[in-house]
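Chemist: Sequence:
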Amino acid sequence: LANTVFRVSGLNALDGARRSGLGVMLMEKIGQLVDKHDSIEGNHSEDLAKLKEAGTDENTWQVWKQAGKDRGSLSPDAIMSIPNEKLAHLKGDADALKRGAAQHLIGTIARDVSTVVPMMTDRQRAKFEHSAGAKGTVMGELTRSVIQFKSFPLAMVGNHFQRMMSKGTPGGKALYALELAVSSTLLGAASVQLASL
Numbered sequence: 167l168a169n170t171v172f173r174v175s176g177l178n179a180l181d182g183a184r185r186s187g188l189g190v191m192l193m194e195k196i197g198q199l200v201d202k203h204d205s206i207e208g209n210h211s212e213d214l215a216k217l218k219e220a221g222t223d224e225n226t227w228q229v230w231k232q233a234g235k236d237r238g239s240l241s242p243d244a245i246m247s248i249p250n251e252k253l254a255h256l257k258g259d260a261d262a263l264k265r266g267a268a269q270h271l272i273g274t275i276a277r278d279v280s281t282v283v284p285m286m287t288d289r290q291r292a293k294f295e296h297s298a299g300a301k302g303t304v305m306g307e308l309t310r311s312v313i314q315f316k317s318f319p320l321a322m323v324g325n326h327f328q329r330m331m332s333k334g335t336p337g338g339k340a341l342y343a344l345e346l347a348v349s350s351t352l353l354g355a356a357s358v359q360l361a362s363l
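If you're matching positions, the sequence shown starts at 167 in the numbering used here and goes up one per residue.
Take the hints with a grain of salt, since some may be wrong.
[What the hints assert, rightly or not] Okay, the calculated beta carbon distance ranges per label pair:
id : residue 1 : residue 2 : range
1  : Leu344    : Ala254    : 44 to 50 Å
2  : Ala347    : Asp261    : 44 to 50 Å
3  : Asp181    : Lys293    : 33 to 39 Å
4  : Asp243    : Ser350    : 15 to 21 Å
5  : Lys252    : Ala355    : 49 to 55 Å
6  : Asp181    : Ala361    : 21 to 27 Å
7  : Asp261    : Leu353    : 43 to 49 Å
8  : Ala355    : His326    : 34 to 40 Å
9  : Asp288    : Glu219    : 17 to 23 Å
10 : Pro336    : Met191    : 31 to 37 Å
11 : Thr303    : Ser186    : 19 to 25 Å
[Unchecked claim] Think about it this way: if two alpha-carbon atoms lie no more than 25 Å apart in a straight line, the pair counts; the simulated BS3-like pairs of lysine-lysine are:
id : residue 1 : residue 2
12 : Lys202    : Lys231
13 : Lys293    : Lys264
14 : Lys216    : Lys316
15 : Lys264    : Lys216
16 : Lys216    : Lys195
17 : Lys195    : Lys333
18 : Lys301    : Lys316
19 : Lys218    : Lys264
20 : Lys252    : Lys195
21 : Lys316    : Lys293
22 : Lys339    : Lys218
23 : Lys202    : Lys264
Simulated from the structure, these hints should not be mistaken for lab results.
Here the structure is a predicted model, which means the values were calculated and not measured.
Glycine included, C-beta positions come from ideal geometry on N, C-alpha and C.
Generate the whole structure from the sequences, applying the supplied hints.
Modeler: So, in structure tokens, the structure goes:
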């Protein structure tokens, strides 16, 4: 019933369109950075911090660079179609380098897409299923029926909490929490005011 409501209301299609559009935009942005800078270290400090936070290293950057040269855009397909001889100057097997760089691009994009257009991760879903109780029991089914339309706030809070905890220092964690609290409070206030108008 819940899945039918999501489909009929268009929420699944809307979320899918948002996620796809954001993914394409992020690949385009990373492609522009790769075209612009010969080394990952040449990026602006904020871009560099985001790339390094995602685990991007110089080897991956150089593979991405080759993909951008051949196709004009960065995508997993462009990475996988790089001729092996173009990666001869890098350490490691060319096929493994391409596979790793393509998977890393997908992971980097998915990480940001899941934060901007929140969806529950498998880990969050498993925690929810465990805490809701056994399927088929009265309490388990009641809990699921109450919470089933609350996946957005659960995903938003869970994703941002994970991102905050990934910051390296207590100051970084505190700054992330403060930015999130202030921005969500201001947006909530704006929403209430617009509804009042």
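Chemist: Confirm or reject each hint.
Modeler: Tested hints:
Judged by the Cβ atoms, the range 44 to 50 Å given for leucine 344 and alanine 254 holds: they are separated by roughly 48 Å. In this structure the supplied range 44 to 50 Å holds for alanine 347 paired with aspartate 261, their Cβ-Cβ distance being about 46 Å. A beta carbon spacing of about 21 Å between aspartate 181 and lysine 293 contradicts the range 33 to 39 Å that was offered as a hint. Hint check: aspartate 243 to serine 350, Cβ distance near 37 Å, so the stated range 15 to 21 Å is violated.
At roughly 53 Å, the beta-carbon separation of lysine 252 and alanine 355 lies within the given 49 to 55 Å, and the hint holds. Between aspartate 181 and alanine 361 the beta carbons are some 23 Å apart, a value that agrees with the proposed interval 21 to 27 Å. Between aspartate 261 and leucine 353 the Cβ separation comes to about 46 Å, which falls inside the hinted range of 43 to 49 Å. The hinted range of 34 to 40 Å is not satisfied by alanine 355 and histidine 326, whose Cβ atoms lie roughly 19 Å apart.
The supplied range of 17 to 23 Å is met by aspartate 288 and glutamate 219, whose beta-carbon atoms lie about 21 Å from each other. Distance hint check: the CB atoms of proline 336 and methionine 191 are about 33 Å apart, consistent with the given range 31 to 37 Å. A hinted range of 19 to 25 Å for the beta carbons of threonine 303 and serine 186 is inconsistent with their spacing of about 38 Å. Distance check on the hinted pair: lysine 202 and lysine 231 sit about 10 Å apart at the alpha-carbon level, within 25 Å; holds.
Taking the CA atoms of lysine 293 and lysine 264, the gap is near 34 Å; set against the 25 Å cutoff, the hint is violated. With a CA separation close to 29 Å, the supplied pair lysine 216 and lysine 316 exceeds the 25 Å bound. Simply put, lysine 264 and lysine 216 have alpha-carbon atoms about 21 Å apart, close enough for the 25 Å limit, and the pair holds. Our distance criterion of 25 Å between C-alpha atoms is met by lysine 216 and lysine 195, whose separation comes to about 12 Å.
Straight-line distance between C-alpha atoms of lysine 195 and lysine 333 comes to about 23 Å, which keeps the hinted pair within the 25 Å bound. Of the pairs offered as hints, the one joining lysine 301 and lysine 316 holds, with about 18 Å between alpha carbons and a cut-off of 25 Å not exceeded. Taking the CA atoms of lysine 218 and lysine 264, the gap is about 19 Å. The hint holds against a cut of 25 Å. This hinted pair checks out: lysine 252 and lysine 195 have alpha carbons roughly 23 Å apart, not beyond 25 Å.
Annotation: proposed proximity of lysine 316 to lysine 293 holds, straight-line Cα distance about 14 Å (limit 25 Å). With a CA separation close to 17 Å, the supplied pair lysine 339 and lysine 218 stays within the 25 Å bound. With a CA separation close to 21 Å, the supplied pair lysine 202 and lysine 264 stays within the 25 Å bound.
Violation of the numbered hints given earlier is confined to hints 3, 4, 8, 11, 13, 14; the remaining hints are satisfied by the structure.
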